[in-house]
Amino acid sequence: MDIEVKMGDLVVKKNPDNLIASGIGSCLVITLYDPKLKIGAMAHSMLPTRPPSRTVRDASNPIRKKKKAIRNPQYEVQAGKYVDGAIGEMLKRMEFLGAKREDLEGKLTGGANMFAGFASDIGKENFIRAKEKLKKEGIKIVGESIGGSIGRSIEFSIASGILTVKVKF
Amino acid sequence: MNTKNKFQEVSKLAAVNTSEALSKLIDRVVSIEFSSAEVKKVENLSPIINPEEITAGIYLPITGDIKGAALLIFPKETAFTLCDLLVKREPGTTRKLSELDISALKEVGNILSGNYLAVLSNMMKIKIIEHIPSFSFDMFGAIISQIITKFAQKVEEALVVEIEFIFKPTILKGYLLMLFEIEKIKKTLGLTISK
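Here the protein sequences come in this chain order: A and B.
Going left to right, the first sequence walks through residues 676 to 844 as our numbering numbers them.
Going left to right, the second sequence walks through residues 17 to 211 as our numbering numbers them.
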């Protein structure tokens with residue numbers, strides 16, 4: 676079965692499914708794979724790190740005590756939205772299914788910059804954050820298709836562990 | 017008047033000026049219609065076109081009293097046909113975009129978004145400044161996701177305007193996406209129009 680992993684989504688599977696992500700630009704798609712147990716995970720992350728929560732300060736209170744953080748529920752975290760959170764969540768779910776960290780193989784796709792006029796290169800920031808986080812968690816990166824100004828689509832077979840990258844021109 | 021009708025009124029006024037400007041540029045009568053104008057949640061922008069469809073995207077940052085961006089999306093065949101007309105080639109001959117084609121498409125982007133923003137700016141009596149356009153020609157999903165990522169933290173809604181270029185008997189389609197503080201615009205337009 677083909678399962679589409681949309682922006683911000685995260686999927687972990689132990690079945691021989693294909694995980695698919697289409698039209699990847701500056702987003703980073705992280706896949707983790709346990710070749711022994713054939714467990715696959717994919718996260719379609721948009722941003723490197725979750726920003727600090729927005730807080731409200733009470734101006735009438737002279738001490739200006741910090742009130743409870745208020746978050747916009749519309750942007751409440753999807754499991755795969757932020758690179759660092761997504762990697763942590765994938766590891767947690769894979770380990771729950773019996774995967775061992777030392778067996779896991781990571782692959783990274785995306786991180787492009789589609790518009791030369793953009794001052795910030797969020798794609799590159801996503802990639803750097805993923806490399807840092809995977810290194811910290813002791814996960815080896817075995818493949819990557821990163822950067823440039825091209826869109827990519829990918830298909831990741833959990834049966835074989837093969838990740839196929841498609842570009843269009 | 018509801019939000020949809022207000023934006024349709026803006027669309028009607030903008031279409032007249034845009035048609036005139038584009039006809040001059042192409043040296044042929046072309047009628048532009050902004051056929052629908054809807055406010056959508058930013059995270060719901062992706063489904064308007066298949067994410068793997070090749071499109072031309074023209075991105076224009078906006079500053080002034082409102083901040084955000086305009087993004088023009090032309091499906092591949094619309095972009096190629098526009099280039100045939102703009103660069104005066106035989107119909108159907110553009111199959112690859114040259115620097116000249118890209119520059120011409122950016123100019124069309126400037127005209128379309130510039131006229132739309134000018135109407136908004138006049139109605140709202142605010143200053144809107146449009147900046148130099150950037151161009152991308154790739155999968156729609158890759159283009160729109162970068163824009164969504166850039167604005168997802170700051171902007172909740174986008175105005176999605178469907179564009180029709182009518183060169184009788186041909187009709188081409190495209191989209192104009194406006195990402196800025198729609199709430200502010202809705203409020204101001206409401207006040208202005210109800211007077």
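Hints are computed from structural coordinates only; laboratory data are not their basis.
Computed from a prediction, not measured in an experiment: that's the story for all the values here.
Every residue gets a Cβ at the ideal spot worked out from N, C-alpha and C, and that includes glycine.
Watch out, some of these pointers could steer you wrong.
Stated by the list, open to error - Below, a list of computed lysine-lysine pairs in the BS3-like style, where the Cα atoms sit at most 27 Å apart: (1) B:Lys-170 x B:Lys-83; (2) A:Lys-843 x B:Lys-22; (3) B:Lys-104 x A:Lys-681; (4) B:Lys-40 x B:Lys-200; (5) B:Lys-170 x A:Lys-843; (6) A:Lys-681 x B:Lys-170; (7) B:Lys-189 x A:Lys-799; (8) B:Lys-83 x B:Lys-104; (9) A:Lys-681 x B:Lys-203; (10) A:Lys-799 x B:Lys-122.
To be verified - Sample of chain B residues with no beta-carbon within 10 Å of chain A, all distances over it, derived: (11) Ile-42; (12) Glu-49; (13) Asp-81; (14) Lys-166; (15) Lys-203.
Stated by the list, open to error - Some, not all, of what chain B presents toward chain A, calculated at C-beta under 7 Å: (16) Ile-65; (17) Glu-68; (18) Thr-79; (19) Ser-137; (20) Ile-145; (21) Glu-146; (22) Ser-152; (23) Ala-158; (24) Thr-165; (25) Phe-167; (26) Thr-186.
Hint check:
With a CA separation close to 10 Å, the supplied pair Lys-170 (chain B) and Lys-83 (chain B) stays within the 27 Å bound. With a CA separation close to 39 Å, the supplied pair Lys-843 (chain A) and Lys-22 (chain B) exceeds the 27 Å bound. Using a Cα cut-off of 27 Å, the hinted pair Lys-104 (chain B) and Lys-681 (chain A) is violated, with the two alpha carbons roughly 41 Å apart. About 34 Å separates the Cα atoms of Lys-40 (chain B) and Lys-200 (chain B), which puts this hinted pair outside 27 Å; it is violated.
Distance restraint check for Lys-170 (chain B) and Lys-843 (chain A): the Cα-Cα separation of roughly 31 Å exceeds the 27 Å cut-off, and the hinted pair is therefore not satisfied. The straight-line distance between the Cα atoms of Lys-681 (chain A) and Lys-170 (chain B) is roughly 21 Å, inside the 27 Å bound, and the hint therefore holds. Restraint check for Lys-189 (chain B) and Lys-799 (chain A): not satisfied, since their Cα atoms lie roughly 33 Å apart, outside the 27 Å limit. Between Lys-83 (chain B) and Lys-104 (chain B), the direct Cα distance comes to roughly 36 Å. Violation of the 27 Å bound is thereby established for this hinted pair.
About 33 Å separates the Cα atoms of Lys-681 (chain A) and Lys-203 (chain B), which puts this hinted pair outside 27 Å; it is violated. Annotation: proposed proximity of Lys-799 (chain A) to Lys-122 (chain B) holds, straight-line Cα distance about 26 Å (limit 27 Å). Against chain A, the non-interface label of Ile-42 (chain B) holds: every CB pair exceeds 10 Å, the least being about 25 Å. Once the 10 Å rule is applied to beta carbons, Glu-49 (chain B) is consistent with being away from chain A; the minimum gap is 27 Å.
Listed as a non-interface residue, Asp-81 (chain B) keeps its Cβ farther than 10 Å from every Cβ of chain A; the least gap is roughly 21 Å. The claim that Lys-166 (chain B) lies off the interface is violated: its Cβ sits roughly 7 Å from the closest Cβ of chain A, which falls inside the 10 Å cut-off. With a cut of 10 Å on Cβ distances, Lys-203 (chain B) stays outside the contact zone with chain A, its closest approach being about 19 Å. Nearest Cβ of chain A to the Cβ of Ile-65 (chain B): about 10 Å, over the 7 Å cut. The hint is violated.
With a cut of 7 Å, the hint placing Glu-68 (chain B) at the interface with chain A holds, because the nearest CB-to-CB distance is about 5 Å. The beta carbon of Thr-79 (chain B) comes no nearer than 13 Å to any beta carbon in chain A, farther than 7 Å, and the hint placing it at the interface is violated. For the restraint placing Ser-137 (chain B) at the interface with chain A, the shortest Cβ-Cβ distance is roughly 22 Å, beyond the 7 Å limit, so the hint is violated. Interface restraint check for Ile-145 (chain B): the shortest CB-CB distance to chain A comes to about 15 Å, outside 7 Å, so the restraint is violated.
Violation of the interface hint for Glu-146 (chain B) is found here, the shortest Cβ-Cβ separation to chain A being roughly 13 Å, above the 7 Å cut-off. Taken as an interface hint, Ser-152 (chain B) checks out: its beta carbon lies about 4 Å from the nearest beta carbon of chain A, inside 7 Å. Residue-level restraint check for Ala-158 (chain B) holds (minimum Cβ-Cβ distance to chain A is 3 Å; threshold 7 Å). The criterion of a C-beta within 7 Å of any C-beta in chain A is met by Thr-165 (chain B), whose closest approach is roughly 5 Å, and the hint holds.
Of the supplied interface hints, the one on Phe-167 (chain B) is violated, with its beta-carbon coming no nearer than about 11 Å to a beta-carbon of chain A, more than 7 Å. Given hint, Thr-186 (chain B) at the interface with chain A, is violated; its Cβ is 25 Å from that chain's nearest Cβ, farther than 7 Å.
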